[in-house]
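Q: Top line first, the protein sequences correspond to chains A and B.
FYI, in the UniProt record's numbering the residues of the first sequence are 1 to 253.
FYI, in the UniProt record's numbering the residues of the second sequence are 1 to 293.
Hint data in this document are derived by calculation from the structure and do not stem from the laboratory.
Nothing here was measured: the structure is a model prediction, and the numbers come from that model.
Fair warning: there could be bad hints in the mix.
Pairwise CB distance ranges, derived in the manner of DEER restraints [as the list claims (entries may be wrong)]:
hint, chain 1, residue 1, chain 2, residue 2, range
1, B, 266, A, 27, 47 to 57 Å
2, B, 71, A, 161, 22 to 32 Å
3, B, 71, A, 138, 41 to 51 Å
4, B, 65, A, 84, 47 to 57 Å
5, A, 27, B, 118, 46 to 56 Å
6, A, 20, B, 121, 49 to 59 Å
7, A, 215, B, 220, 26 to 36 Å
8, A, 15, B, 109, 30 to 40 Å
9, A, 127, B, 270, 52 to 62 Å
10, B, 91, A, 215, 50 to 60 Å
Glycine included, each C-beta is placed from N, C-alpha and C at the ideal position.
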Amino acid sequence: MSAAKNININLKIWRQKNASSKGSMETYKLDNVSTASSFLEMLDQLNEQLINEKKEPVAFDHDCREGICGMCSLYINGRAHGPDTGITTCQLHMRMFNDGDTIYIEPWRSKAFPVIKDLVVDRSAFDRIQQAGGFVSVNTSGNTIDANSIPVPKVDADKAFEAAACIGCGACVATCKNGSAMLFVGAKVSQYALLPQGKVEATQRVLNMVRQMDEEGFGNCTNTGACEIECPKGISLENIARMNREYLKASLK
Amino acid sequence: MAKSALLKSSIVKKYWMALTGLFLCLFLAGHLAGNLQLIFGTSQQFNEYALFMTTNPAVKLLSYVTYISIIFHAIDGIMLTIQNKKARPIGYAKTDGSSSSLASRNMAVLGTVILVFIATHMVNFWAKMHFDKNMPLVQKEIDNGMGGKQIQLVGTKDSQMPFMQLDQTGKLSKEFFEMIKAQTQGQYDLEVQDMTKIVNKKTGEVVFIGYKDLHKLTVDFFKDAKYGLYFTIGYVLAMLALAFHLWHGFQSAFQSLGVNNKFTPAIKFFGRAFAIIVPLLFAIIPVFLHLKK
């Protein structure tokens, strides 16, 4: 890897005061950004500059900054989590950009993810989908059975684990031309559908979760496959097909 | 599950999209096989095939399934597209299309092009075959026994009537019917029914069944001195749109129906081969007819 250097960049960032105000793209100039810094550190640097200029800093979501919490979002230069694959925005580094670049930074765009402020969106629609069926009912009255006492074929366990890797960041919705949440819901349905513990409530789960997904105003799946490519956790389209099968089975019951 | 979910649920809409789409792929294959007779068959063969396709009850049933599929596929597609647009009221200032194919992002546009094509195609051929009273009937030139030629209508196999002669314009003239009536002392009082049958009004006897010359209509359409070239180009462009639509649509239908397994690479390969070969063969036909001497 080449040594870190400093670059000067132009930023075009969506600024919106609050949920009800009309936002717009604003232009900022930021000098001396180290290519070794992460994208979020670059935004921290911008915010320091704005604070020094007595201006309102840019609001953006972030939490763990190690690619696991799913909190950071950002649609960067036309791609969810920016120009790299298999990463969240906190894992994106400024070495992906060149001196003099203009970088567009926008919030996730979806009717179901309304903008709260600047680049921060409300992703609680995902929580409501989860609450509609993304769980298994377990008796916790004191005689809980060890999960490992039920044999699970290794192949299924691996597939369920891959589906469960979904961090609910919403990149699938953001990148889908239809603002569809099928990859998220597909992953959540699949992680249970593949395991014996999940089979018990499989029928109600898929019907309720899909109904909630539709009610939230997410779009439909056109099978473009963009979500699979932009997903930081590499969730496969196979999960959407599995959800479609599960839904068909459940509808015919 | 509520009954309305059969139409309302996003996933069910996709099942319908997939099922109607796959049925229409079958229809395309059948339609292509018929059309290829324009290159590899005689005009007689093609017209007999056209007669079969417009009269056979099983074909009729299939044709209704096809009409319904086209309408349902279009309406369902429009509903899905409207919902999809609503799901993102504010678009992005900058987008990068690298994560999906051009065809997959433009299925609605491609579908609209195909729908417009189907409508014009049906006006140009289907409607004429079904409703046009002036559509030419199959005819041939024969010796009139006096060294000259005359035009005679060709009937279906068991209704060969040698006296069904035509006037200069190639049509059955009223004068001709009157002549027959006079010659037979009123025993044969003929009239045309259902555009192709000649019936003796007096006895109800069907004396002749001709059939429509779809071959001539098609050839004339693409060889038309003024517009033939434009019709041919339009047809080829519509087939290009169909190719892109199928390129994404064929394998996408299987994904929507939940088939994504070890057969998927084979389905994708077959779908892409289908998307290239079928529209290409369709498009070759008007080009062939247009250029044919």
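Q: Go ahead and decide if the range 26 to 36 Å is satisfied by the Cβ distance of residue 215 of chain A to residue 220 of chain B.
A: 56 Å, violated
Q: I want to verify a distance hint. Is the separation of the beta carbons of residue 15 of chain A and residue 109 of chain B within 30 to 40 Å?
A: 33 Å Cβ-Cβ, so the 30 to 40 Å window holds.
Q: Given the range 47 to 57 Å, decide if the beta-carbon distance of residue 266 of chain B to residue 27 of chain A lies inside it.
A: 51 Å, holds
Q: Determine whether the Cβ-Cβ distance between residue 27 of chain A and residue 118 of chain B falls within the hinted range of 46 to 56 Å.
A: 48 Å, holds
Q: Taking the beta carbons of residue 71 of chain B and residue 161 of chain A, is their distance inside 22 to 32 Å?
A: 44 Å, violated
Q: So does residue 127 of chain A sit 52 to 62 Å from residue 270 of chain B, Cβ to Cβ?
A: Because 41 Å falls outside the window, the suggested range is violated.
Q: Holds or violated: the 49 to 59 Å window for the beta-carbon distance between residue 20 of chain A and residue 121 of chain B?
A: 50 Å, holds
Q: Does the beta carbon distance between residue 65 of chain B and residue 84 of chain A stay inside 47 to 57 Å, or does it fall outside?
A: Holds: the Cβ-Cβ distance is about 48 Å, inside 47 to 57 Å.
Q: The hint says 50 to 60 Å between residue 91 of chain B and residue 215 of chain A; measuring C-beta to C-beta, is that right?
A: Cβ of residue 91 of chain B to Cβ of residue 215 of chain A: about 23 Å, so the range 50 to 60 Å is violated.
Q: Is the hinted range of 41 to 51 Å satisfied by the C-beta distance from residue 71 of chain B to residue 138 of chain A?
A: Given about 48 Å between the Cβ atoms, the range holds.
In this structure, the hints that do not hold are numbers 2, 7, 9, 10, in rising order.
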